[in-house]
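All chains, please: the whole structure from these sequences, using the hints.
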Amino acid sequence: EDKVVQSPLSLVVHEGDTVTLNCSYEVTNFRSLLWYKQEKKAPTFLFMLTSSGIEKKSGRLSSILDKKELFSILNITATQTGDSAVYLCAVERGSEKLVFGKGTKLTVNP
Amino acid sequence: DGGITQSPKYLFRKEGQNVTLSCEQNLNHDAMYWYRQDPGQGLRLIYYSQIVNDFQKGDIAEGYSVSREKKESFPLTVTSAQKNPTAFYLCASSKMRGYEQYFGPGTRLTVT
Chain A
1 EDKVVQSPLS LVVHEGDTVT LNCSYEVTNF RSLLWYKQEK KAPTFLFMLT SSGIEKKSGR
61 LSSILDKKEL FSILNITATQ TGDSAVYLCA VERGSEKLVF GKGTKLTVNP
Chain B
1001 DGGITQSPKY LFRKEGQNVT LSCEQNLNHD AMYWYRQDPG QGLRLIYYSQ IVNDFQKGDI
1061 AEGYSVSREK KESFPLTVTS AQKNPTAFYL CASSKMRGYE QYFGPGTRLT VT
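Top to bottom, those sequences are chains A and B. With the working numbering applied, the first sequence covers 1 to 110. With the working numbering applied, the second sequence covers 1001 to 1112.
Rather than coming from a laboratory, the hints here were simulated on the basis of the structure. All C-beta atoms, glycine included, are put in the ideal place defined by N, C-alpha and C. Incorrect hints may appear among the rest.
What the hints assert, rightly or not - For lysine to aspartate or glutamate, the following EDC-like pairs were computed, each having C-alpha atoms within a straight-line distance of at most 16 Å:
| # | chain 1 | residue 1 | chain 2 | residue 2 |
| --- | --- | --- | --- | --- |
| 1 | A | Lys41 | B | Asp1038 |
| 2 | B | Lys1057 | A | Glu96 |
| 3 | B | Lys1095 | B | Asp1030 |
| 4 | A | Lys97 | B | Glu1072 |
| 5 | A | Lys97 | B | Asp1030 |
| 6 | B | Lys1071 | B | Asp1030 |
| 7 | A | Lys97 | B | Glu1069 |
| 8 | B | Lys1070 | B | Asp1054 |
| 9 | B | Lys1095 | A | Glu96 |
| 10 | A | Lys37 | B | Glu1100 |
| 11 | A | Lys102 | B | Asp1054 |
| 12 | A | Lys56 | B | Asp1038 |
| 13 | A | Lys40 | B | Asp1038 |
| 14 | A | Lys3 | B | Asp1059 |
| 15 | A | Lys105 | B | Glu1100 |
What the hints assert, rightly or not - Per label pair, the in silico range of CB-to-CB distance:
| # | chain 1 | residue 1 | chain 2 | residue 2 | range |
| --- | --- | --- | --- | --- | --- |
| 16 | A | Asn75 | B | Lys1095 | 20 to 30 Å |
| 17 | A | Gln80 | B | Leu1027 | 42 to 52 Å |
| 18 | A | Ala78 | B | Lys1070 | 40 to 50 Å |
| 19 | B | Lys1009 | A | Ser7 | 30 to 40 Å |
| 20 | B | Lys1095 | A | Ile54 | 31 to 41 Å |
| 21 | B | Gly1063 | A | Arg93 | 16 to 26 Å |
| 22 | A | Gly94 | B | Leu1027 | 23 to 33 Å |
| 23 | A | Lys68 | B | Thr1112 | 10 to 20 Å |
Structure (C-alpha cells):
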C-alpha cells in the first residue's frame, strides 16, 4: 500500500528558529514529490522535486529529495509568525495520482 | 486574475439529500481533481479528470459522482449514499500530467 509519512505531526518554535520537516514515502512508480503550505483553506504550492540531491530554494524555504532513502526534507530558516501553517507532503505515483501525508502543523510564536 | 473558485464556502444539508459542490478554473488546465480532507488526515482523492468528458475514480469514490462537460468546470455531487459526508472538500487543477496541482479555497460541508 502506498504511504507518505510526515514527521513531526506538530512543532512549536520561536521566531528566528530554523526548522526541518520530514517526509518519507513508499509508493509504486514514484514520479515526483511536492510540498504545500496550508494556512486556513487552500494548500499553496511550494516545491516539486523529481531528482535526488538537487536543492530547491525559495527565500527562507528550501527542500531536497533523497530517492535512495525515500525521503525529503523541508527547511525553513529564520522562521516568522507568518510561517505558521500545516505543511503537506505529497507524492505523485505513476498513475498520476497524488498520495498525501497527514501534514506537519508548525506554530511559530513571537 | 486566473485561479480556481469553489462555491459555496460553507454548506449545510440534512441527511438523505444530495448536494453539488461547484469548482471552476480559468487557468486553462486540462486536469482537475476533487479531494476530501478530514481533521488529522491527509487529503484523499475522490475523483479526477484529465480531459473533458472523461473522469476516473480516486481512492474514495463511493457515494460521490462527478461530471466534466466543460474544461473549466468539474462539479462534485455528494449523494445520500456517502456515509460520512461531513468534511472539507478541495478542488484542484493542473496543466497536465506531471505538473503541480493548484487548489481552490475549499467548501466545508456539514450534514446533520
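* Asked: Is 10 to 20 Å a correct range for the gap between the Cβ atoms of lysine 68 of chain A and threonine 1112 of chain B?
  -> violated, 50 Å
* Asked: Are lysine 1009 of chain B and serine 7 of chain A spaced within 30 to 40 Å by their CB atoms?
  -> 32 Å Cβ-Cβ, so the 30 to 40 Å window holds.
* **Distance restraint between lysine 1095 of chain B and aspartate 1030 of chain B, which requires alpha-carbon spacing of 16 Å or less** => holds, 6 Å
* For the pair we were handed, lysine 37 of chain A and glutamate 1100 of chain B, check the Cα-Cα distance against 16 Å. => Roughly 13 Å between the alpha carbons, so the hint for lysine 37 of chain A and glutamate 1100 of chain B holds.
* Mind checking the alpha carbons of lysine 3 of chain A and aspartate 1059 of chain B for me, to see if they're no more than 16 Å apart? => Given that 16 Å is the threshold and the Cα spacing comes to 13 Å, the pair holds.
* Asked: Holds or violated: lysine 41 of chain A with aspartate 1038 of chain B, Cα cutoff 16 Å?
  -> Measuring from Cα to Cα gives roughly 13 Å; hence the hint holds.
* Asked: Does lysine 1095 of chain B pair with glutamate 96 of chain A here, judged by a C-alpha cut-off of 16 Å?
  -> holds, 12 Å
* **asparagine 75 of chain A versus lysine 1095 of chain B beta-carbon gap, inside 20 to 30 Å or not** => holds, 27 Å
* Does the hinted range 31 to 41 Å hold for lysine 1095 of chain B and isoleucine 54 of chain A at CB? -> violated, 22 Å
* To do: With 23 to 33 Å as the target window, see if glycine 94 of chain A and leucine 1027 of chain B comply at their CB atoms.
  => The hinted range 23 to 33 Å holds for glycine 94 of chain A and leucine 1027 of chain B, with Cβ atoms some 24 Å apart.
* Asked: Going straight from one Cα to the other, do lysine 1057 of chain B and glutamate 96 of chain A come out at no more than 16 Å?
  -> holds, 12 Å
* Taken at face value, is the distance from the CA of aspartate 1054 of chain B to the CA of lysine 1070 of chain B at most 16 Å? -> holds, 11 Å
Figure legend: structure checked against the earlier numbered hints; hints not met, in rising order: 4, 7, 11, 12, 15, 17, 20 and 23.
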